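Enquirer: Whole structure, please, built from the sequences with the hints as guidance.
2 protein chains.
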Amino acid sequence: MTIENYTASVLQYIPVFYIIWSDDLLSASEINVAENAISNDSSLSSEDKKLLKSWLNVKNPPKNSVFKTWKQLIINSGVKLVEHETYPLTAFSEKVATHYHGEIPFNECIKNIEINLGIQPNHYNHLFDVHIDVDKKSSQYSAKEIDIILKGKHADTINTFRATLNDPIFSWQVRRNKEEFRNHVLKQVEFLAEKGYGAMAYSKEYGGTNNMEGYAHIFENMIWADGSLTIKFGVQFGLFGGSIQKLGTKNHHEKYLTKTGKADLLGCFAMTETGHGSNVRGIKTTATYNKDTETIVIHTPGKNDNKEYIGNAIHSKMASVFAQLIVNGKNEGVHAILVPLRNKDHELLPGITVEDNGYKLGLNGVDNGKIWFNQVEVPKENLLNKYGTILANGDYFSEIKNPNKRFFTMLGTLVGGRICVARAGLGGAKFALTVAIKHALKRRQFNDSVKVQEDLLMDYPSHQLRLTPLVANAYVYHITLDKMMALYCDESQPDKRKIETQVAGLKSIITWYANDTIQECREACGGKGYLLENRIADLKGDVDIFTTFEGDNNVLLQLAAKGVLSDFKAEFNSAGFSTVLKLLSSQLSDKLSTINPLYTNKTDKDHLYNPKFHIHALEHRTHRLTYTLAMRIRGYIKKGIPSYQAFLKVQTHLMTLGKAYSAELAYKSFLEHTETITDANHKELFEKIGTLHALQEIRKDASWYLEQGYIGGTKSKAIRQRVERLCTELRPHLNTLIDGFGIPEHLLTAPIAN
Amino acid sequence: MTIENYTASVLQYIPVFYIIWSDDLLSASEINVAENAISNDSSLSSEDKKLLKSWLNVKNPPKNSVFKTWKQLIINSGVKLVEHETYPLTAFSEKVATHYHGEIPFNECIKNIEINLGIQPNHYNHLFDVHIDVDKKSSQYSAKEIDIILKGKHADTINTFRATLNDPIFSWQVRRNKEEFRNHVLKQVEFLAEKGYGAMAYSKEYGGTNNMEGYAHIFENMIWADGSLTIKFGVQFGLFGGSIQKLGTKNHHEKYLTKTGKADLLGCFAMTETGHGSNVRGIKTTATYNKDTETIVIHTPGKNDNKEYIGNAIHSKMASVFAQLIVNGKNEGVHAILVPLRNKDHELLPGITVEDNGYKLGLNGVDNGKIWFNQVEVPKENLLNKYGTILANGDYFSEIKNPNKRFFTMLGTLVGGRICVARAGLGGAKFALTVAIKHALKRRQFNDSVKVQEDLLMDYPSHQLRLTPLVANAYVYHITLDKMMALYCDESQPDKRKIETQVAGLKSIITWYANDTIQECREACGGKGYLLENRIADLKGDVDIFTTFEGDNNVLLQLAAKGVLSDFKAEFNSAGFSTVLKLLSSQLSDKLSTINPLYTNKTDKDHLYNPKFHIHALEHRTHRLTYTLAMRIRGYIKKGIPSYQAFLKVQTHLMTLGKAYSAELAYKSFLEHTETITDANHKELFEKIGTLHALQEIRKDASWYLEQGYIGGTKSKAIRQRVERLCTELRPHLNTLIDGFGIPEHLLTAPIAN
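As given, the protein sequences belong to chains A and B, one line each in that order.
When you read off a place in the first sequence, starting at 1, and then add 70, the result is the number in my numbering.
When you read off a place in the second sequence, starting at 1, and then add 70, the result is the number in my numbering.
Since the hints were derived computationally from the structure, they do not count as laboratory data.
Please note that a few of the clues may not be correct.
Intra- or inter-copy, both count: the list cannot distinguish identical chains.
With a straight-line cut-off of 16 angstroms between C-alpha atoms, the simulated EDC-like cross-links for lysine to aspartate or glutamate are [stated by the list, open to error]:
no.	residue 1	residue 2
1	K440	D375
2	K719	E799
3	K787	D771
4	K719	D525
5	K719	D529
6	K566	D637
7	K440	E603
8	K719	E794
9	K675	E794
10	K214	D809
11	K221	D809
12	K652	D637
Keep in mind that this is a model prediction, so the values were computed, not measured.
Expert: Below you can see the structure in the form of structure tokens.
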């Protein structure tokens, strides 16, 4: 068969077929796409159609000789592939056909194949002579539009804040000496306080705008300037100020909140002790009420009972101290008391010892320290007494009678902080991804002997695979954290127990994600990523501890899992055997859906890209893990093993469940939000991002799904291939996707990103 | 049935049965162990045996009422479990029986159950009233003995070196200012040079002992003092000195090598360029021979063609510069030329520009810099001319005619460095593990309401699971690197191509392992791990870049995979289509073994602990990945896709193969060595370590094995449970295992480890 035998209409399809058969991934649904296009193409005669369809038989693919004829035909046409055209393959096909047969119209059916198969120039540009216009980038999606979607209703707040960060005080530089660094960060905090950002989450009477949701966004953007700034800001206004706002009453608010928001009163949040990190209920510091003097005496009983790792400890005038409150000789549990630390000349008050924690892996602009109290007396008014107070008669009183519930209500104040920590981690990940991807879109390495230019790093499949899913995750987690903060702030939902538990799990998976991402970006930038000037190194050091503070991730995951186990109705720590069994009962009665065997090896694109499949897979994992966990615990308890020990035995199972539930929650939140996007073009992009995220999530846990028989080997492979394919499909839009994060130029100071 | 109905002999078994049935993991092989013990116990009557065996039926387990009787019987005896006894369960059983029936002898058969089922007190101590003697540790194995095994024939060298590191010059402290830090590290390097360690790997004529293997051990131990010291030491003596030793000839050796070994001549290794990191062959610096003046002119042609990230650049007097050698207008490929950088007063020589790389994530005691050459003239004698020289008549001459082979022969000099980098990473991992585990053996957190003490971190299953496999890996990689260095130094094997390729893969997996381990240890220590004083933070920053330098891990993995593909016969980069196909042919003719279906769900302990299973699994993975990779590449090439592009398309597959092969190689090396251990007790320990390593390796890639149908879901779960179980079994020996690394007290300065 010679070239001239092909009609113009058939000829147009040759480049498409050439590409399809160059790739081994041709699946049933893809053939389907091509077949439908051919059937619907009115420019084709029935003979043309028959011929084209004969080339679509997987079991009997075109012979190598035919394949070579196609190649020759394309080469002889002398047509160049223009990478930046909107539909490069369709345009290329049109030009090849035109070369041989004179002008023919743009073929919508071929365009449909190009779109539906997700064929991107980087799939096939090695097959053709390519015209590359390096300046031109895909304009299918708009970074500005994406940024608007991500900012949501907080656009004004965020825009103003980003502009604020353009002040020279925020210009990034290497600061090695901790004292200088801390003093500079303090100035930055004061600068932001002056602009009103410190009080933002407080009510209007105290200088704020009651805007906790906006505050979380600010927090994420702040880490683009510096991690130490972000954390010191959070300690001062979120933790110290937050404890006054949420655990204190009107007197405290009036006396301290305005000053705190303006950074006129610097404070710290003294909860953690050297001997007790995660187990807050076990802290040893005592706050003993003295009826005679109407004072509370704060005391550190033992060597390891000092407050540890307290941010702002060196700069603070006051501390919000968590201690066992003892009234009339009875321990009423952990309460927070405001304790002055220093006088106006910044000298320590009697009985107070503070020691610098010294240099850390990161966050050296935050002044962490240890604090000891030696019989320090404060007026009883200093008790933050919203949930428990000392009456005029010297008795203790709380409206929450259950000490356990009281404790967890107070701890609930940490939840906002946990969302913010996750947000800051996410901001760090976005920054690192932006640097790494912008670098990879410029940096060339290796080539074949023919091409003049070496290949862009970003065109390596391994590079696409290591970075693209991380970009997708950033989008999913952004939307998720937005939603959680909105729920947390929703006054119509007074019982926040469920949200607290959900946030515990999300904080874990998102801060781990942030660390992994920053590490991947460091390595992806090679030695350049190791230089401080390129900013990834600092992020690595700063974000690292996010997995530990505001609740150790491993502990939080167990908390989340226990929430799932009890349908978010109670927490297990102190529950006896019978309570545990009662809480488990609904899980044990849950029937697991059986899986249709046809489903376990369904590998077509429509199925794998369908959110229904993703949700089913993620829900099934949570259900199954919950059920088996409940079974195991019941088994142990029936044998008389104390519930505490039973939970210890299933610890790794608990953590797996915590992760699984959080992943499900994140994806569902993202899907829900995607539904609300009005612009069809970007909605489709978000759907693709969601698909990549979900498939990668299933892929990461493929061993579990395979073990359970939920997916078969073929499906598992298909998912892996789809993940790789989606990364390649998103390759032309990567620059848009990272620009969509909205990191302003004045903050993106990494030389390799410019 | 009342308590008195049990005979003394039966009574002895009650605690064992109580424990066995408290745990759901009872498998066929475990029942077997108990059954055999009962059958062999001559103290039991046949009725006793019948009764005991009736309690071993998994399908009909003892009723809850029986179970409760047992519990009551144990409680009423008032006997305490003594955790630190050699056979705590057997001793406990004996005491319980004695309580009811008077003194009875120690039962060897119960001891056998205790040992063979690997029942450790932390499995069951929650069931009983426990007497804890915190000072006492398991003495079953000896840390000293393990250290001797790991040091092998280099014990004297290592011991002397460890003592040398006790000099105050090596005392660790925070050094934030890079100039001060660098100057101090320089002094340390000079101190070691003076003691003869710099020249160690050189021959005797130049002050050395020709002891490259010992050098590698030294290198690993050195990072316990400081990472910057280790790297600067390696740059000076290994890279700069090594280039003179291995690429130079007698003249160079005589003129420079002794001075280099003594650190009287400081030098750097100028290979990498800003524009060319991994692709050394593409470097742009030129070295043009001028026949008239008999000089070589070194020149940096373009803006990005400067030498980049060159260690020792600020302190050096001379550089070993890699450049394109041009003789008579012909490019003869990359060669190394010695170029003086500074005069005696440490002023830069004309034409040379050096710029400080500035602060980095870690290794700030190493003076990295950029170097530019502007028409710098050096005598032609400065060409390191072992593999290519300029003759008296001005012509170029090399015994290796193939420029490709010549290039790779020269690059082979990097291999020793790669082993050393992996060793230093391993040393970092060992240090971090030692700190984290010693911390976890002291630190308590949470408890139930009954116990006075909180639980040790190390007794949490999740903590055991996160750290123990990493300890096992350290052992395996230690032995592997020893073996590779011995092969590399073996003069009887002149063609080092295979070893080079193997080392490429091992360097990748081991430096990644090191980073993951240090990160895990940081998190396992919580906030304490974040403080510089506890040393993990510095290791994190220092070891991070090991994944990038001396060859980026991703590039090296592809190199390793290409080696496997070609049976280590050639490298693919420049090979044409037909060569590639020829090289693949042996892989394609390879028949894959079929898997016996019985095998895919074999889950008994004997099978899962059998090294034959591990080797089969690891070999199968390598073979299968090689075969499918060869198939894919052949497919692409047959379609006319250039081999360079074909390899790009299978990049992620290549990397997977590179990792799989390296894992197989490491485990086999370890097994081989374990066979040579003469002491049966420690040999058994090493076997257990190997088993944990291998099962964890299979576990990590379970999705692949499941996809392939190599293991079934049941087996996959059994492997997971075995990994958890092995971690628990090794729990009492963890302290011994980390002490076995031999980190001297004077280097283990982390406060939390003491």
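Enquirer: Which of the listed hints are not met by the structure?
Expert: none
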